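Student: Could you put the whole structure together from the sequences, leaning on the hints where they help?
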Amino acid sequence: MLGHGSFGTVHKVRWLGVEVAMKTFQGSSTQDFLREVSILEGLRHPYILSLLWYKTDARKCQIIMELMDGDLYSLMQERMEECGNGGPPFSISEATHMMLQVAEGMLFLHEKKIVHRDLKSQNILVKRMKYKEVGFEHVHVKVADFGLSKTKARSTTYSNQTLNQGTTRWMAPELIRMSSAMDDLAVKHPFKVDAFSFGMVCFEILTGEVPFSGLRSYEIIQTVLRGGRPQLPDQIPDRLRYLIEACWSSEPSKRPRFDDICAELRHLSCAHFMTAETPELYLKLISTCMERITLFRISTSPKFHAEQCNYLVDKLANAVESARSAEDGARSLDILKLVF
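When we follow full-length UniProt numbering, the leftmost residue of the sequence shown carries the number 1, and every step to the right adds one.
Hint data in this document are derived by calculation from the structure and do not stem from the laboratory.
Please read these numbers as outputs of a predicted model, since none were measured by experiment.
Every residue gets a Cβ at the ideal spot worked out from N, C-alpha and C, and that includes glycine.
Some hints here could point you the wrong way.
Computed cross-link-like contacts, DSS-like style, restricted to lysine-lysine with a CA-CA straight-line distance of at most 25 Å [stated by the list, open to error]:
| id | residue 1 | residue 2 |
| --- | --- | --- |
| 1 | 127 | 12 |
| 2 | 254 | 113 |
| 3 | 112 | 254 |
| 4 | 55 | 12 |
| 5 | 112 | 55 |
| 6 | 12 | 60 |
Pairwise CB distance ranges (calculated) [as the list claims (entries may be wrong)]:
| id | residue 1 | residue 2 | range |
| --- | --- | --- | --- |
| 7 | 227 | 59 | 39 to 47 Å |
| 8 | 38 | 78 | 33 to 41 Å |
| 9 | 57 | 82 | 40 to 48 Å |
| 10 | 83 | 12 | 25 to 33 Å |
| 11 | 83 | 43 | 32 to 40 Å |
| 12 | 251 | 138 | 32 to 40 Å |
Tutor: Okay, here's the thing in structure tokens:
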């Protein structure tokens, strides 16, 4: 078993000769389930978990998905244990890149008119690609557990979980009010509930902590409805702070859309690499990239192709930005020649 939650269970199984993840919902098949999976099976995006197949019987519904290495929450806890110094799980550059991946996935969902409603670190899965020769680990994230709200609501293990403690920590105030029949802003601005939850995910990535740690469910509800939000770290860039705080606005209409969030995170990512990283670091990374390109050209493995593409696109793009910011023009030109 890979995991379990209020909806049911997730197991690792073999399907058509490859290892995949199988998620099981309790309850027989309905038109809601068939309608929902028919939408999900057509979604393909680098930062969205792919639905590969589904099946139903008289007692349960099951979906087959690509297998990942774990969820973002578990990765953060592992990183913090490895460091052992009480610091955050990721550097600012890593954190910003992960936020951008999540935002790109959410932008895709919103363009398809799909609202997640349960965005949190446990619902973001990761694929870890380690490159020991340069001491680097690339983390590819994918948004998961979306688009099956009616199926989950019907599942026998999911009943009476609307305001459970695990979800309330990420929940927008208007969604809390709607759950208590107090407000209809979540209906008027359905996509903005995800922007609020995204702000909470950003807090997790920056700190490794769950939002409102130590508070009980009813205390979290009271705090959020009064305008209380988690305390962001002091050392993060101001523009990143402003972006997260905008996502946390009590007024849904004032929260940014995901196209604006992506644009701001791209700017922040480039700005950080241009000021914080040295060209020498990327010279080493590019050299490794070029070696891998040779292997890439002769490889026949689709999985190898996909992993190398992810690595090369991210690292070469960052190297170009770093080279452009180098004080030594000749050295910068040498780096760019390696890329092109």
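Student: Which numbered hints are broken by the structure, listed smallest first?
Tutor: Violated hints: none at all, because every hint is consistent with the structure.
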